[in-house]
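Sequence lines, in order, name chains A and B. Take the first sequence: its position 28, counted from the start at 1, is 28 in our numbering, and no numbers get skipped. Take the second sequence: its position 439, counted from the start at 1, is 701 in our numbering, and no numbers get skipped.
FYI, nobody ran anything at the bench for these hints, they're computed from the structure. Backbone N, C-alpha and C define an ideal beta-carbon position, used for all residues, glycine too. Some hints could be false.
[Claimed, not checked] Reference excerpt, derived from the structure (chain B facing chain A, CB under 7 Å, subset only):
| hint | residue |
| --- | --- |
| 1 | GLN448 |
| 2 | ARG528 |
| 3 | PRO529 |
| 4 | ALA530 |
| 5 | SER532 |
| 6 | LEU535 |
| 7 | THR536 |
| 8 | GLY537 |
| 9 | LEU541 |
| 10 | ALA545 |
| 11 | ARG555 |
| 12 | TRP618 |
| 13 | ARG624 |
| 14 | THR778 |
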Amino acid sequence: MLEVMEQTDRVPALELSGLRKEFGEKVAVDDVDLSVPQGAFYGLVGPNGAGKTTALSMAVGLLRPTAGRAHVLGIDVWSDPIGAKTALGVLPDGLALPERLTGAELLTYWGRLRGMETAVIRSRTQELMRVLELDEAEEHGTVVLEYSTGMRKKIGLATALLHSPRVLVLDEPYEAVDPVSARVLTKILRRFTAAGGSVVMSSHVMALVEQLCDRVAIIARGQVLADGTLDDVRAGASLEERFVGLVGERGLGDEELSWLAS
Amino acid sequence: MVGVLISMKFAMLRNSPRGMRLLGWLVGALLVAATWAGAVTAAEAVRAEVIALLLLMWLVGAALGPVTMSGAGVLRPEYFALLPLDRRKLAVGLLVSTFPGVASGYVLLAAAVIAVPAAAGGQALLAVPVAILGATLTWVLALTLSRVVYALLGAAMRTRLGVEISAMQFGLIIGSMLAGWIVVAQAFATIPELLQGGVGTQVAGVLAWLPSSWALNAASAAGAGEGLAVLGWLGLLLVAVVVLVVLAMMLLRTEVDGGTARRRRRPAGSRVLTGRPVLPQSATGAVLGKELRQWWRDPWRSLELRSSIWAGITIGVFALTAPWGRDFAPLAGLVVAFMVALGGCNLYGQDGTALWMTIVGRREDTVRADVRGRQLATILLFALPALAVSALFTLITGSAWVWALVAAMLPALFGVASGVSVLLSAIGVSPGVDPRRRVGPNDAGGDLSLQAQVAMWGTTLLVAPTVAAIVLSLTGVLGTPGQPPWWAVLVGVLNGVVAFWLLGKAAIAYLDRRLTTVFSQIRYRRFDGDDSGLLAGFAQASQKAEDQARAAKEKERRAKVGARNVVD
């Protein structure tokens with residue numbers, strides 16, 4: 001029994017092996033291997049169009065990979081999607097929601113689909129709405145369509161947390177979130193990892209990733225350029241310096257855009 | 263600036279499907295020819311009445327035209343919101359850009375028909391110039407009206423009243439496509455009579471007062487030498503034009519006050535945290551609740567529902583116009599049920615990328631709940647209006663015996679149409695504009711022509727058992743002739759239940775295997791799933807049609823750019 005527990009403990013929270021996606025000629029994700037240990041706060045950084053969202057979409061079962069596998073706590077996302085999705089909480093970036101529902105309606109609908117008890121859904125919804133400061137909008141009957149970008153992020157996060165998952169996959173969770181809410185979010189995520197949960201988040205704000213994550217991976221042009229503990233990857237420099245060093249800097253010549261504000 | 267706007271408009275028109283444009287030109291030319299033929303061949307005494315009727319038809323046609331064409335070639339003020347342009351000048355430019363064009367030329371040619379009686383009557387030297395001036399003003403009136411209607415429609419999706427007005431227009435268009443032949447047949451039967459006997463004094467009296475007839479009135483006053491009346495009618499027409507132009511200018515200003523009005527009260531049914539749950543606490547109940555709310559609150563879904571009701575009413579009214587059709591007018595409620603197949607044939611496309619929730623939250627019964635919940639929601643929402651429309655026309659015509667037919671056909675139609683719609687929504691998903699960025703009434707889907715055809719013919723085919731039962735029953739092959747076909751009601755219910763179950767089951771089976779494929783089609787606009795099976799074949803065909811349309815457009819564009827480069 002103990003042995004089994006030890007074994008499941010050693011299983012990575014999220015494991016991508018040889019994950020690949022081709023869109024026609026274009027290779028969006030190029031044989032990515034990543035392993036996120038349980039309890040880790042894992043940051044995925046990369047420039048715009050690096051393939052972060054595509055990789056995460058394949059990891060959570062939203063996009064079928066051309067090749068490779070994704071496992072959540074040892075469960076194959078593509079051969080046992082229901083088992084994997086029970087353990088997962090996901091916040092995708094830039095996708096629509098049922099736009100004409102209020103936040104609480106959305107969470108209630110979501111909880112029922114997740115097969116949760118009515119009383120549990122109700123109390124957790126109330127709590128999440130209050131903690132994420134969406135309760136006032138709910139009082140006015142504001143529907144998701146009328147939410148600001150930051151509010152959309154927060155209600156998306158609430159859907160990811162509602163069923164108390166063991167692994168959270170968050171695509172740009174801090175984008176457009178105000179500083180006060182960002183601190184709340186950080187406290188939630190830290191408490192989650194302290195209790196043994198695992199977080200994988202993508203971002204292109206280096207300072208944020210340095211401050212929060214204990215492990216990072218740098219992705220560019222669909223490939224993993226570096227990954228490991230924060231200190232390993234930084235190798236003495238700042239994450240931003242390391243990032244720019246790996247991805248390559250685009251210089252601005254003296255002649256370029258010289259007409260601007262001249 | 264006006265020149266740039268006009269060339270931009272023509273550039274947009276060039277990118278609309280070529281076949282449709284050619285067809286439009288042909289139909290327009292025929293209509294102009296028919297208008298002139300009618301005016302020339304009408305009997306002298308009733309010529310003015312006939313022309314007044316024709317002009318009214320042109321005015322209405324011009325006002326609704328851009329709506330039917332999805333507004334190809336209509337420049338929206340939002341396009342220019344970020345440019346440093348004077349808002350008033352831009353509004354003038356946008357209005358003026360409406361005028362050059364083939365359709366606009368047809369309207370002018372049709373309006374010029376006023377010159378026919380003017381040339382034939384007395385004082386032709388005065389009457390003809392008055393007629394031409396009046397025709398020009400009528401032309402301006404018609405085109406400005408059309409721009410106002412289109413601008414109102416653009417703003418329409420923001421208010422309930424606006425949605426209702428667009429729904430009436432769509433209902434009229436759909437109703438005309440399905441049953442316009444009744445009116446046309448009736449009209450053809452009465453055209454010779456109309457050309458000889460006119461429209462009747464009462465109708466003629468009403469027609470004469472409508473703005474479409476004012477130029478005609480002015481010309482005939484000129485023919486009779488009544489100078490004051492000429493000035494009066496032309497002045498009235500001018501005032502109408504000015505009022506419309508001012509209205510158009512107000513509507514064509516770029517919107518900077520924020521599109522949606524601030525919410526004044528909570529939406530109905532939104533007290534989920536404090537209220538008592540009405541629907542079952544299951545996954546299917548959750549989907550049903552979500553769907554009912556989306557149908558009720560989303561203007562684009564509302565538009566489908568409301569235009570279905572108006573299509574039913576339109577066809578009922580058409581039936582009233584033909585003596586043989588009158589008795590069947592209460593069947594109009596069936597049209598509302600039939601429209602479930604059309605209005606609901608792109609449910610997943612309408613929801614857009616929100617499908618991620620179904621995928622990420624997926625459990626054993628999620629797909630089944632999603633499909634069944636959607637089916638039940640459409641039936642619940644459309645059933646009451648269908649019954650109401652049938653009841654309305656029963657009250658008007660008094661032909662209560664038709665209710666046996668309604669009772670047999672409604673369950674069959676609802677079962678079949680709810681199944682056809684959800685199955686087509688899955689296999690023929692056509693993503694429109696992202697839900698958050700929708701503006702115009704046609705933004706909620708892409709190219710749905712294939713889906714609409716399959717929905718119509720599929721539904722018709724699958725209710726055949728019930729239709730057959732009714733026919734056998736009424737003709738007395740099985741049952742007593744003249745008796746209400748009550749046993750056919752049983753067939754209808756069975757037909758509906760079986761179709762609801764089987765078609766839904768097919769949709770569930772399809773989505774069970776290809777939920778992520780459907781999501782990819784919405785998100786990445788490509789079919790990357792398993793391509794085995796009949797339904798996947800259809801899905802690929804519909805995706806191929808969308809891809810081909812896009813590729814063809816791209817090719818045409820490239821060819822044009824190439825040709826231009828050669829010329830340069």
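Results for each hint:
{"no.": "1", "hint": "GLN448", "verdict": "42 Å, violated"}
{"no.": "2", "hint": "ARG528", "verdict": "3 Å, holds"}
{"no.": "3", "hint": "PRO529", "verdict": "5 Å, holds"}
{"no.": "4", "hint": "ALA530", "verdict": "9 Å, violated"}
{"no.": "5", "hint": "SER532", "verdict": "5 Å, holds"}
{"no.": "6", "hint": "LEU535", "verdict": "5 Å, holds"}
{"no.": "7", "hint": "THR536", "verdict": "9 Å, violated"}
{"no.": "8", "hint": "GLY537", "verdict": "11 Å, violated"}
{"no.": "9", "hint": "LEU541", "verdict": "9 Å, violated"}
{"no.": "10", "hint": "ALA545", "verdict": "5 Å, holds"}
{"no.": "11", "hint": "ARG555", "verdict": "6 Å, holds"}
{"no.": "12", "hint": "TRP618", "verdict": "5 Å, holds"}
{"no.": "13", "hint": "ARG624", "verdict": "5 Å, holds"}
{"no.": "14", "hint": "THR778", "verdict": "5 Å, holds"}
Of the hints listed earlier, those the structure fails to meet are numbers 1, 4, 7, 8, 9, in rising order.
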